[in-house]
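Position chains B, C and D against the provided structure of chain A, taking the given hints into account.
The residues making up each chain are set out below.
4 protein chains.
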Amino acid sequence: MIVILKQNVSKEKLDAFVKHIKAQGPDIHFSEGVHTTILGLVGDTSRIDINLINQMDVVDSVRRISEPFKVVNRKFHPENSIITVDGKVRVGEKFAVIAGPCSVESEEQIIEVAERVKKAGATMLRGGAFKPRTSPYAFRGLKSDGIELLLEAKKVTGLPIVSELTSLANIDLFNDVDVIQVGARNMQNFDMLSELGKCDKPILLKRGLANTVQEWLMSAEYIAAGGNENIILCERGIRTFETATRNTLDLSCVPVLKEKTHLPVIVDPSHATGASRFVRPMSKAAVVSGADGLMIEVHNHPEKALCDGAQSVTPDQFDDIMKDVLRLCEIENR
Amino acid sequence: MIVILKQNVSKEKLDAFVKHIKAQGPDIHFSEGVHTTILGLVGDTSRIDINLINQMDVVDSVRRISEPFKVVNRKFHPENSIITVDGKVRVGEKFAVIAGPCSVESEEQIIEVAERVKKAGATMLRGGAFKPRTSPYAFRGLKSDGIELLLEAKKVTGLPIVSELTSLANIDLFNDVDVIQVGARNMQNFDMLSELGKCDKPILLKRGLANTVQEWLMSAEYIAAGGNENIILCERGIRTFETATRNTLDLSCVPVLKEKTHLPVIVDPSHATGASRFVRPMSKAAVVSGADGLMIEVHNHPEKALCDGAQSVTPDQFDDIMKDVLRLCEIENR
Amino acid sequence: MIVILKQNVSKEKLDAFVKHIKAQGPDIHFSEGVHTTILGLVGDTSRIDINLINQMDVVDSVRRISEPFKVVNRKFHPENSIITVDGKVRVGEKFAVIAGPCSVESEEQIIEVAERVKKAGATMLRGGAFKPRTSPYAFRGLKSDGIELLLEAKKVTGLPIVSELTSLANIDLFNDVDVIQVGARNMQNFDMLSELGKCDKPILLKRGLANTVQEWLMSAEYIAAGGNENIILCERGIRTFETATRNTLDLSCVPVLKEKTHLPVIVDPSHATGASRFVRPMSKAAVVSGADGLMIEVHNHPEKALCDGAQSVTPDQFDDIMKDVLRLCEIENR
Amino acid sequence: MIVILKQNVSKEKLDAFVKHIKAQGPDIHFSEGVHTTILGLVGDTSRIDINLINQMDVVDSVRRISEPFKVVNRKFHPENSIITVDGKVRVGEKFAVIAGPCSVESEEQIIEVAERVKKAGATMLRGGAFKPRTSPYAFRGLKSDGIELLLEAKKVTGLPIVSELTSLANIDLFNDVDVIQVGARNMQNFDMLSELGKCDKPILLKRGLANTVQEWLMSAEYIAAGGNENIILCERGIRTFETATRNTLDLSCVPVLKEKTHLPVIVDPSHATGASRFVRPMSKAAVVSGADGLMIEVHNHPEKALCDGAQSVTPDQFDDIMKDVLRLCEIENR
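Residue numbers (our numbering), protein chains in the order written: chain A, 133 to 466; chain B, 133 to 466; chain C, 133 to 466; chain D, 133 to 466.
The following block holds chain A by itself, in its conformation from the complex:
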C-alpha cells in the first residue's frame, strides 16, 4: 500500500499516523521528496481498511499494491490446493464433474439421474433441496425430504452429494451432505460465510451475479479466515446487458483466478447460459481454459422439471458431453 501524504504535515500528526499504522502490523518505508512524502506500507496489509486510511487528514491519496486477501492468495501459498470430498474425490487434482437435477423432485427422478450421470463419468451428484426462487409463488424445493432423497441416491451410487444451503437455520440438515453449496445470491451473506468457516466441510462458493473476482475472493477469505480452507470456487455467469444468454459466462476468470488463488475453480455452464443446447460447447471450453471441473444440470424429463428445465440436459445429452469432456481431459493431461 502506498500512501501519499499531504504537503506540510506537522511532525506530530505524522508520528501519530505512523504509530496508528504500525499498531496494525505493517512496517513503513519512507520516500521523502522535495514536494511530496510517500509512505510504503510493507508487510501484511490485508487487514488495513484502505477507506479509513484515505479519509485521514494527513493523507492525500492511497493506492493498494497487494491484494486485500491473504489466506486464499496464491502469493502466500504457491501450490494448488486440493479439496478432498468424502475421502475419495480430489478436486484440483483430477477433473471433477458434478451433475444432477436443479431440484430433487422424487425418488425415481434422483435415483435415475444419479445412476445415469455416474455411468457417464460424473464424480459427484448435485440436487437442490432448498431452492432460492425469484417468485414467492414458485416451487421452493422438497427441503428435508430432498436431503433424504439425495442421501438415498448416494447410498445407491456411491456418489458424494452437493446441495445448496439457503439459510443457516437449516444447517443441521446438512450434516451428511458432502459439499455445501453457497449460491450466487448468498456470496456476500457474510454471516453465513463466517459460520461456514467454523466447520471443515468442503464449501462450493458460487460467484455472485454481479460480483468482481476480487469480491469473490474476499468472500472465500471470510470462510478461510475462520479456519476452513476447503473451498471450491464456481463461475456461473455474470449479469451484463446481453440477453441472448441467461447470464454471460466469464470464462476468462478461470486463468485470472489460477493466477490469484490456489483454490480450485469449476464452471457451471448450465446457469451461465440458461440453455441446454449451449452446455456442450461451454463445457468443452471450460476444460481447455484450465478449469478444475464442471457443474452440469441433468434431468431425466427436462420438459417436466419443476425448476430450470430449459437449461437441463437429458442423460443422453450428458453422455455426449462427457465423451467430449473426457477426451479433452485426456489430451490436456487432466
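Check before you lean on any hint, since a few could be wrong.
Stated by the list, open to error - Across the chosen pairs, the derived CB separations fall in these ranges:
1. D:Val150 with B:Ala148: 33 to 39 angstroms
2. D:Arg409 with A:Gly175: 23 to 29 angstroms
3. C:Lys330 with D:Ala155: 52 to 58 angstroms
4. A:Ala301 with B:Ala148: 35 to 41 angstroms
5. C:Arg222 with A:Ile182: 24 to 30 angstroms
6. D:Asp308 with C:Gly359: 33 to 39 angstroms
7. C:Ile182 with B:Arg222: 52 to 58 angstroms
8. C:Gln156 with B:Asn465: 55 to 61 angstroms
9. D:Lys333 with B:Glu144: 43 to 49 angstroms
10. A:Thr375 with B:Asn302: 37 to 43 angstroms
11. C:Arg222 with D:Ala155: 31 to 37 angstroms
12. C:Arg222 with B:Asn465: 30 to 36 angstroms
These are calculated hints, taken from the structure and not from any lab test.
C-beta atoms are modelled at their ideal positions from N, C-alpha and C, and glycine is treated no differently.
Showing chains B, C and D alone in chain A's frame:
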C-alpha cells in the same frame, strides 16, 4: 400471458394442457387462426411459472403480458400505501428523511448525530449495528451494543430508529427497532424475506446491487405475500461499468416504481454516489423526481468513521442539504 | 503519475528511462527508499501513454494521479466555460432548453413544433436530418431536405438549430446549422472529433452508450486539442442490465462533470428513459442536480412519429414540463 | 410479429391499420377472441419498425416473434457461409488464424512478425495503420505508410492482410487490403456500414463494446442489405463491471451466433482479456466452442510496442499457442 401453441397439437395434449393451466387459476381465451392457435391466460397469472409453461411440449412460445407480482402491484391497489412508523411518521404521505451514521460507534457519536439531524429536520434515525463488510478483517459493527445505543438515542430525541438485519439469527434483538432494513446484499435472501413477511414491522427493502426493478418488486412481493405490507423501497445505486461514482444512482426508477407499485420509494444518495460532496445535488434531484424520502449518512467526524466515511456528510453539511430539501418539498407540496 | 521501479535497475537503464520521460515534458522527482525507488512525474503528464510506461522493462508498476485530459480539465481552467450559440444563446450562463422532434419529417411538422416549443420557453430547436438507426430498413431521415426545413423553421422562429452529423461526408450541409451534434454512437469516432476540432462551431457531444465519464472527457479533449473549445456535453443515459427504461439516466454524472471540467453539461431525459411519461420528473431532477440545460424530444403527433415516438412528448406536455422547469430555475437562480 | 389490439377499435381504424401493414409486405392473420383481437403478421417482418407499430392508436402492445434481420439470418440460409479471402483462405471452412501487431510500426517489425506468424501457422496478417485511440495525444498509426508496409509484408510472406478502416475518407487506401476491419467503435457507424455494403471485399465486423448479439447482427445486415455478404464476425469482449480483464470475453456468443446466422465467427482473445498471459487459454477455449478462427496480437518486442503491448504475445509465445490450437483443431476436425 399469451401462449402460442405449436402447430398440429393433438386434441388430447391440448386438453391436458388446458386442464393443467385452469387448475392453477387462470381462465383461457382461445384465438384459433389458420396456422396458429394462440391462448390468452386471463385472470391472476402471478402464480404461473413462465419457464415451466415454456418447456412444455405443446408450447411454441409464451409471453408475459401482466407482471408476475400481485400484492404490491398498483394495478390491484391504485392508492398510494402509507407506512406508519412508530405511530407517528407516515412514509408516503409526508416526505421522510432518515439520517444517521453508517455504523453506531459510541454513545457520544450516536447521540450527537441524532440530536443534530433531528434539529435539521430528519424524521428517523439510522445506524448500523450489524455491518456487512466485503473484508473479514473490517469493522463489523457493535452488534447488540449498537442496538442499545440506538434505543438510547431514540429515548433522547424521540426519533424512530432504522437498522439493518444481516441474519435471522439476530432478529430478537430487533424487537424495539422501528424499521428493519434489508440491505442490498440480502434483497434476494428469500428465507429472510419470508420470515419478515410474518411480522408487521415496517421493512426498508434496499435494491440489490444488480437487480432489476422487477426482481426488486418480486422481493417485496415475498414479504407482502407473507402478510406484511409495510414495505418501503429504497434505491441505493446499481452496479455499472462507471467508476466515477461508487454505484450509479438510477433515479428514473422512482417514476417507474410509482407506476408499477403503491409502495413508497426513498432514495439513498450516500451509497449511490459514495462521495459526500455529491449527496446534496442528488438529494435535491430525488425530491423533485417524486421520491417519498431520503436516507442520508451523517457522521460527526467523517474522517474518523469506522465505515464509509467518504460518503458521510457532517451535521453542518446536513443542515445545508435539509434547507434545500425542505424548500423543494414546500414547492412540490410534499 | 507515480512510477515504481523494479528492484536493482542498472544506472544505465535508469538514465535511459529518465531521458525518455523528460523528452516528453514532465520533470521527475525521485523518492529513493531502502527497497524501492519511486519516481513522481511532475508537470503535464496528459501526453504520457501510461500503457507504454507500464510495459517498459525497468518499471514495476505505474499509477496515474492526475487526469489524462488537459484542455477541458477544470484544474487548468477553474471558471465555467460559456458557449455562445448564434450570438445570443449563452449555454453555461442561463439554463438552456433544446427541444424538437427526433427527426424532421415535414415543413408542417417542424414549423408547428418550433413555434410551440419557442412559445413554451425553449431556447434552441433540435431536429434530426440524418438519423442513425439500428435497422437498415428503418427511416433514416430526410437528409439535406431536413436541414433545409430546419433552416426554414429558424427563419420563422429565430431559434438556433441543433442537428446531428453522422458522417464527415455531409459536413458541408451543416454550414448554417448552429450546433453540430455528435451522437452517442460517434462519441469515439476519433476522425470525426479531430475534424470538428478544426472548426469553431459549437459541438454538442453526447455520451456514448457505454462510455465512462473519463472516456467522454477524452473525446471532448480531442475536439478541444484541435482548437475548438465550444463544447457542450450531453448525458443521455447509459446501458445497464435494467430494462424498465430504455437506458439508465446517470444523473450523478452532472456533479461529477462539474468537478472535473469547465464545460457545460446538459441532460437528455427523452433518450435516457425512452418513455414520454418519465421526461417530466427527470427534467426537473436535471435542473436541481446542477445541469446547464435540457434536450427534450417534442412531436406534434407522437403516435405518427417516424422515429422514437414513444419517448416524444406533445407540445401540450412540453408546456407543462417547461412550467416546472422554469419555476425550479427561478428558485435555483439559474 | 404479434399485435394485440386495444378493445373496441372501430372498423374504420382497423381497416386503415390493416392497409398500412399490408402495404409494407406482410400478410395478416386474425385471431378474434371475446375480449381481445390478436393479429399475427405473417411473412417478412424485418422491414417493419416495431416502435412505429407500438405507438399507433389502435395498438395495445406488440411483440416480435421473428428476428429483425433477414439476409444474415440462418433461418433463410441454413448452410454456413464461407468467405473467401484473396482467392485462397476460406473462412468458415478451415480454422482461420489472423495474427500480427496492434499497429504497424516499421518495416523491420512487420516483416519479422509476418514471417514468424506465417511459420507458426497463421493464415492472415493483421496490422493497424489507422488506430482509434482514446487519447488525442497517443500514437495514431503510420496511416498510408502503414498500409504500404503491410503490402510489403504480404509480398514477402504471401499472407493476405487485414487492416482497420476508421474513416470512409481513407477508403481508397484500402484497395489492396484483403479484409477491411470495422472496429468495435464503428460497429454502429451506419454510414460506414452502408458504404461497405457496396463493395465486395470481405469485411471483418467486430462487436461493439456494449452491443447485444442482435444489434451486431443488425449491423451485419446493413452491410449485407447493400449487397456485400462477405462478412466475418469477430467477438472481442464486452464491457461489464469486471476489471480483472480489460473486457469480458463473451465466448457463449459463439454458439448463439452459430444458431442465429450463417456467417463465420472468430474470436479476438487479445482485446478481450487485455493481457498476453490469458491469450493462450482463451484461444484454446475459442477453438472448442465452435469458433471459425482467431485474431491474435503478436509483437516482436511487446515491451516497446507503441500500442497495446500488454496484450501482445511474442512470436515464441505465439508458436506455443499455435501448437495447442492446431492440435485441438485436429481433434475437432476443423
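Consistency of the hints with the structure:
| no. | hint | in the structure |
| --- | --- | --- |
| 1 | D:Val150 with B:Ala148: 33 to 39 angstroms | holds, 36 angstroms |
| 2 | D:Arg409 with A:Gly175: 23 to 29 angstroms | holds, 27 angstroms |
| 3 | C:Lys330 with D:Ala155: 52 to 58 angstroms | violated, 46 angstroms |
| 4 | A:Ala301 with B:Ala148: 35 to 41 angstroms | holds, 39 angstroms |
| 5 | C:Arg222 with A:Ile182: 24 to 30 angstroms | violated, 43 angstroms |
| 6 | D:Asp308 with C:Gly359: 33 to 39 angstroms | holds, 35 angstroms |
| 7 | C:Ile182 with B:Arg222: 52 to 58 angstroms | holds, 54 angstroms |
| 8 | C:Gln156 with B:Asn465: 55 to 61 angstroms | holds, 59 angstroms |
| 9 | D:Lys333 with B:Glu144: 43 to 49 angstroms | violated, 57 angstroms |
| 10 | A:Thr375 with B:Asn302: 37 to 43 angstroms | holds, 38 angstroms |
| 11 | C:Arg222 with D:Ala155: 31 to 37 angstroms | violated, 48 angstroms |
| 12 | C:Arg222 with B:Asn465: 30 to 36 angstroms | holds, 33 angstroms |
Hints 3, 5, 9, 11 from the earlier list are contradicted by this structure; the remaining hints agree with it.
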